[in-house]
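Trainee: Given the coordinates of chain A, work out where chains B, C, D and E should sit on it, guided by the hints.
Residue numbers (this note's numbering), protein chains in the order written: chain A, 464 to 563; chain B, -4 to 483; chain C, 8 to 527; chain D, 16 to 194; chain E, 4 to 643.
Please keep in mind that the hints were generated in silico from the structure rather than gathered at the bench. Positions of the beta carbon are idealized from the N, C-alpha and C atoms, including for glycine. Among these hints, one or two may not hold up.
Straight line, CA to CA, 27 Å or less: simulated DSSO-like cross-link-like pairs of lysine-lysine [unchecked claim]:
#1 C:K454 - C:K378
#2 B:K33 - D:K179
#3 D:K179 - B:K99
#4 B:K34 - D:K179
Partial list, derived from the structure: chain C residues whose beta carbon lies under 10 Å from chain B [as the list claims (entries may be wrong)]:
#5 V145
#6 V186
#7 A198
#8 V201
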Amino acid sequence: MIPLSWSLILSALVFGIGLIGVLVRRNALIIFMSIELMLNSANLVFVAFARAMNSIDGQVFVFFVMTVAAAEVAVGLAIIVNLFRLRETVFVDEINLLKN
Amino acid sequence: MNLVPPPTLLAVDWYALGAVLALSVGAMLLLLLEFVPKKPDSNRAAIVSLITLAAAGWSVFHVRGTARSLFGGMFVHDSFSVFFTLLFCSVAAVSVLLSWDYLKRTRIHQTEYYMLLLSATLGMILMAASNDLITVFLGLELMSIALYVMVGFRRGQLESNEAALKYFLLGAFASGFLLYGIALLYGATGTTNIAAMSAFVADSPLKENPLLIVGGLLLLTGFAFKVAAVPFHMWTPDAYEGAPTTVTAFMSAGAKAAGFAALLRVVLHSLGGVHEYWTPVLTAIAMLTMTVGNISALLQTSVKRMLAYSSIAHAGYLLVAVVAGGPEGASAALFYLAVYSAMNVGAFGVLALLGRGQEERVLVADLAGLGFRQPLIGLAMTVFMLSLGGIPPTAGFMGKVYLFGVALRAGLVPLVIVGVLNSVVSVFYYLRITVAMYMDEPRGEPTQVSWAVPAAIALLACLALTLWWGVQAHQLLLQAQRSVTGLM
Amino acid sequence: MSFPWLTWLVFFPLAGAALIMLLPATANRAIRLWSTVIAVAEMVFSLPLWWRFVPDQAGWQFEEKRAWLPALGASYHLGMDGVSLMLVLLTTVLTAVAVIGAWSAVDKRPREFFALLLALEAGMLGTFLCLDLLLFYVFWEAMLIPMYLLIGVWGGQRRIYAAVKFFLYTMAGSVLMLVAILWLYYLQRAATGVATFDLDAFYALAIAPSTQQWLFLAFAVAFAIKVPMFPFHTWLPDAHVEAPTAGSVILAAILLKMGTFGFLRYAIPLFPNASAQFAPWIAGLAIVGIIYGALVAMVQPDLKKLVAYSSVSHLGFCMLGLYAMNAQGLAGAMMQMLNHGVSTGALFLLVGVIYERRHTRAISDFGGLWKPMPVYGAVFLVVLLSSIGLPGTNGFVGEFLVLLGTFRVHPIWAAWASSGVILSALYMLWMFQRVMFGPVTHVENEKLPDLSRRERLVFAPLLILIFWMGVMPQPILARMQPTLDRTLRLAEVRAAMSAHARPVRLDAAPMPVPGEGARP
Amino acid sequence: MTPYLFIGFAALLVTSSLLVILHRNPVTSALFLVLAFCSLAGIYLLLQAEFVGMVQIIVYAGAIMVLFLFVIMYLNLSHDIESGVQIALRRGTGWLVGAVVVAEGLALVGRHWFPGPFLEAIPGPRVGNTQQIGQALYTRYLFPFEITSMLLLVAMVGLIVIAKGRTAPPAAGDSGGPR
Amino acid sequence: MTLPVLWIIPALPLAAVALNLLLGDRLGRRGTAWLACGAVGTAFLFALRAVLMLAARPEADRALVETVWTWMRVGDFSVDVSFLLDPLSAVMVLVVTGVGFLIHVYSVGYMAHEASFRRFFLYLNLFMFAMLTLVLADNFLVMFVGWEGVGLCSYLLIGFWYERPAAAEAGKKAFVVNRIGDFGFLLGMFMLFAWGGSLKYERVFAIAPHVFTGAAGLTAITIATLLLFLGATGKSAQIPLYTWLPDAMEGPTPVSALIHAATMVTAGVYMVARCHVLFQLAPTTLEVVAVVGAATALLAATIGIAQNDIKRVLAYSTVSQLGYMFMACGVGAFTAGIFHLMTHAFFKALLFLGAGSVIHALSGEQDLRRMGGLAKRLPWTHATVLIATLAIAGIPPFAGFFSKDEILAGAFASGHYGVWLVGVVVATITAFYMFRMYILCFQGPSRLSHEAEHHLHESPPSMIGPLVALALLSIVGGWVGPPLQEGGHAFERWLKPVFESGAHEASAVHLAPGTEWALIALSVVAAIAGIVIAFRLYLQSPASGTALQERFSFFHRMWVNKYRVDEFYDAVVVRPLAAFANWCWRFWDTSVVDGTVNGVGYTLEGASALVRLFQTGFVGTYALFFALGVAALLLHFLTH
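One chain only, chain A, in its complex shape:
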């Protein structure tokens, strides 16, 4: 029986790593992956709590989140591909036509 706090701390770490990834990387794909990490850390929290209170809702929630993630990935990758086609780059620090 794993204490809840362990999973929470772990999820927090993962979330943080994801967050940092978003902040430090410039490759849109990697940024996106880091976001996925953040989502998964959230999932971990759900599962952990579901376990703790022995309710099913958390897990169902995770299921929905995965669906959403899939949808996002589909659209997101499409956008990135389109971006690459237009500009031959996926580096977000080369993309600031729109500013100020």
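Mentor: The following block gives chains B, C, D and E in isolation, referenced to the frame of chain A:
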């Protein structure tokens, strides 16, 4: 094996679900109709979506009197959701009318566009009409994903694509926070149902529940991102500027309203018990939002971008109402949202008419001398600008009066002072538009206006509402006040 | 309910404006004709009020009241007392004059120009006539829009700067007033449980002195900017100089009166204690304004600027009279307001006349004008004399009463203010000397045509007013007297009852049930 | 036994996700992400969420990551070499802020640990996890479940709209878009 | 029907003005002339009638009051437009209308060749209206109407030839300086109302002794009267406000005669006499009046010595004579003051008209140094001017003698010996410079320029007529008040009802006959001395005259430069004021006040530019700010 019996739906429930059903069906119908050949310049898609929206609005309006909670509170039908459903449907309808000709000009695929527009509307409605964080989240994602695509709809165009990318990346980023917040809240309260949550918060022994705080806070940031509140606003100008103008119109009104609907439900309802915790935070955010929004708009040369910043500022005003809280605050927010949608959609609608073919003329300079050459455009834009600036006799003024009055009563004097001063600052850049239209001489070839009957109808509708609510807002006021009674 | 005089009065010009907009933009003659017809009709329509008005009756007359926003308790409440009667008549007459005066002045987009003038008239009348704070604010702000466009579109070189400055400056002042109004509204609701914006209700409400201070300041700043009082005056010269003649006329003759009117109708009766507390400051600023305005006017190279600064000086007298807070002071202030309306309006028209002929306003471009245009010179002289308050002209009555009233409460103030009498003579006559006398210095001026028949028609009523109000002001004073007495009495009574009132928490009373709300 | 497994999986998860954001080569990062997901699935198993664990592996590690890899290959991205002071600056701030956020969150939660209402919740009889989820999905969560269908449809359409056909980079100058 | 008694008198000239305006050029020169003179003439007749009616009444209530309409009534303040005729205003109204009529007639001839003939008579009639309102007023406010009205007319008439910058300038100066006086008058009125509660003469005078009591009352009345006197100095060209009068000579000569000699400038004296009740309550003020009068008399007389412009000489003599009148009032000899006012009106008008006749004859020449020897060429003018000169010099039995003598007697009797001495000295100087003028003009060799010589001609009858009439008046005018009468002379008795109300009447304090004879003799001697000196210096041995000038060159320069008073005022008042005004505008208004306003705008724009820097357009930045926001929020909850 305890099988939970399938939900039993009464007739009224079907009406209540009408909006959801109609919109989903309409969306799919649009796709199916692709297999029926049509003339290249047919307006079939537009008409279908108009009908869909009408049906959606009507069916909900038909049972406006009742309050129902379906699927164990996953979907609620109360005066609040009715108000927003109608708001979203009308905003969507106006956007359809505006897009009618715009899509042809800019060669955007109609079917997909309208399909996404309907789905986004569906998402907004879910955000407003669901009493469970799961559905709220799903609705939000539905709306967002549809909007990501719509923003990037002009694939061949760098700005459009860049806008989509930024909006998408940051949106996903934000929903990461949002999700984490929901997870913590779920952990703190053991449920995702807003009603149950508020019940728990109400009688939980310690308000000092850190999970609750952190979770609520992250949730807040998620919504703050959607409504473009400082410092989570930075995507807004870029996304608004890059998106096709009609999309900007749609999202500036719809997405913001949806965000506020969710925010009101959550902050005022589920977290209402710990309201005093949020007051200082929200106050700070509101002040920042108003000020930063207006200040950054001051020097913009692109009307579209300027309006984007102004929409940030308006989010700030709306946050004032949220801070004020209570039924009065909520009703003020609703009132202002309705007003804001009318004038803001109108303003972007005017921009959507400017320019020929692919080009878009959205610089302040492009408006030079337009006021006298195109009296209707001039009049409409002037009224919208004055209304945004909160000058009587326009709806914006009434909205501000009610909103700031409520805040004053709630004792938020500093917030109100900052607010009114901000509205003075804002008037400066709104006036610049009128200056350009009436007082500047056009340089270069004058801006063309692509007139189309539907767009004109849409504009006139916005204009009429903006003026009518300015001189006689009684009905709207009543609706706003009634619509929040269910919420509390 | 009898015939709704005031509603007609307010909305007839608006309808007229709409009518004008329906005319083809090219039909220059028709546009001018119709706008003149409408403006004159409005004037004729307003004249009966002079007789129908019952002089010795203090309360509102021709009152109208309908529900407007029951949910908030705002109502469409119009009414007229002696003060507003005079200001309404001033408005209608001056607008008619301005419209006729603008016949030849406006060549660019006359349709919009005249329509806006009429719309402006509607706004001003509404401001003078409404008895509901929210309605008042609506008119007060809405009025800015046409004026802003008039300055910005038909103005001179720096018109845009002037227009925007005018709009923002005035608005910056009034938003705080809006906050104060809302505060009052919720105060009313918390104290009495009644949600209403009705002025009468507020006249009956006791407000704690500590609260009054802030509310008064909020109102006072808004009005002071409109007046304009000394430190808040800089928008005025710009606006006046850039505005087209008709615009300047309306601006000077009527718009500025909004401020003083506001003090008389709102700031003083509503917040008597605070008003008394700040009286020395306001009176001081008024005196500074009188002298300062005169001095600055003296050194202006530009005719319109000179007149603009003279307005600052004149309105200083109004404020001083108001804050003498006695019968003579108030009556004098009111007379001064009317006089300033007539005289300064006429002065701007006069400047407009030569501007039309020479397209310059620089004093140095003129000189010896009396020779080519003697009639013009004579008219100018008369107007100028009334503006410097020569006995027998209207200007004297106002200044005299103001100074008399002031003297009775504070001789030293009166002494300082009286020095304005000397300075006004100085700058006006000097200007006149440089423009009218001496040899004709510029060849262009040698053949200037004298006043045309239309122009004489424009000035005739003003000259008549100047002398009539100077020689027989009694009918006017008699009509205003009861109202002014009432204001004074109201101030005293309210001061007494507010003296010991406690501050009230705004959320003391529950929110009224949606839908009901106001139950005045 | 479980705690040690948990710790192991946790360590694996953390290190792999760290490598995701640290590694230069996108492909490698993607692969590390797969690894991270798999270890997460392991943790799910330990938390007695078999179904979720499986789905995690199948959907995430399987479908989604494959999509990622495909895209990366398709765009055959070079290593993104970053250098220059402002890059380093961004790195620094990024790490700092991220760390601060996590630290603050943990501090806040840890300040006084209030583990919610579930202490009294006794672990009930172990029911077939998958079955329960299935029941819940098609009864209580029927409505959201339907919504997800809509969501996926939208995603599909969006994907097609944006990515179908070739979009040539616009010739210089005629980007007549918003200025 | 009964004709209206009083209001018709000012109404007639006003009606003339109105007609003049309405008919415009349709009535030709002749018509204009008839209209103007007719109006004033009729006014004179009505005045005569009114005075006769007044005289018919018993001495107890010798006052006709006529209220026309209520002017203003505000609270406890109420003023009517109403007129009053009592012995004092009777004298004034007769003088004004009478002399006014003669001057009108004279002007017809004098201005015959003037282009804007009509405008001239328009102004002239307007002036008559204002002046009559002033003298007939029943309360201070109506008087103030006339007071400022005459100021306006003098402004218009001085600047009549508006194309001459000097004229326009002089007009403005006159008006502004008068305004300074009016400022005093206004405040004086306020004080009277504040204490007396009314502005009606009889009310104020009746109540004054009862309200102005105690130390406070004394201070108040002193201040009030001083303020009123300030008004008088402005109107009547006394120190310190006399400087406008000499410049006023830019106007046409009849104007100088009417306004700046006979009528308007005496308004101040009239006002002081009218308020004698108040002034006698304030001894300090009376002293001030006396001293100022004496000082002005002396100052002006000395300047008069050195002037070469014939009109300016007369102007300064006017100032000096007005000083006499104030001297009289100051010592309490109000009757004497009014008496001198009347006689002065006759001979000074005559002098101006005579001078005008000379100028007319010399086609515009005004410089004494280019005249001389005109006695034979202009017999009528010469004769009349000589009479006037004798009158002003105070030679019996000419009018001036009686009044001037009475003033000196009054001063002596009331114990103001200093004042009296000054009076005597001034009498000498007056006689001197007046005869200097006479001699330089009419006697000695002709110094005329050639073409002046050529056009030289005696004036037309329309001008000579008035001269003769005035000459007669200058002779007999004084006989109404011969000295050494028991119970006062006729004129004194006539004014008794007005002045007896005063606390003490100086001239009533009769001197012993012996003393009075002595004084008479002394003043006559003084006058004759002056005359003799004049003849010696300017006729018999001009050389010695110039020698004398060399000797006292300092004084001479001083007098020629009029003591540099104008320059002084310019340096002390005018320039600093202008500089301050400029500073107010250029620095304060533009930079400080408006600068603040615009400053706000610039600040905001600066802030805008700053904020926009954060909007870099990089997703990374945006995410960073997002995260920072979250961190901040967390921090808030961590710390609260």
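Trainee: For each hint, tell me whether it holds in the structure or not.
Mentor: Hint by hint, here is what the structure shows:
no., hint, verdict
1, C:K454 - C:K378, "holds (10 Å)"
2, B:K33 - D:K179, "holds (21 Å)"
3, D:K179 - B:K99, "holds (20 Å)"
4, B:K34 - D:K179, "holds (22 Å)"
5, V145, "holds (4 Å)"
6, V186, "holds (6 Å)"
7, A198, "violated (13 Å)"
8, V201, "violated (15 Å)"
Checked against the numbered hints listed earlier, the structure breaks hints 7 and 8; every other hint is satisfied.
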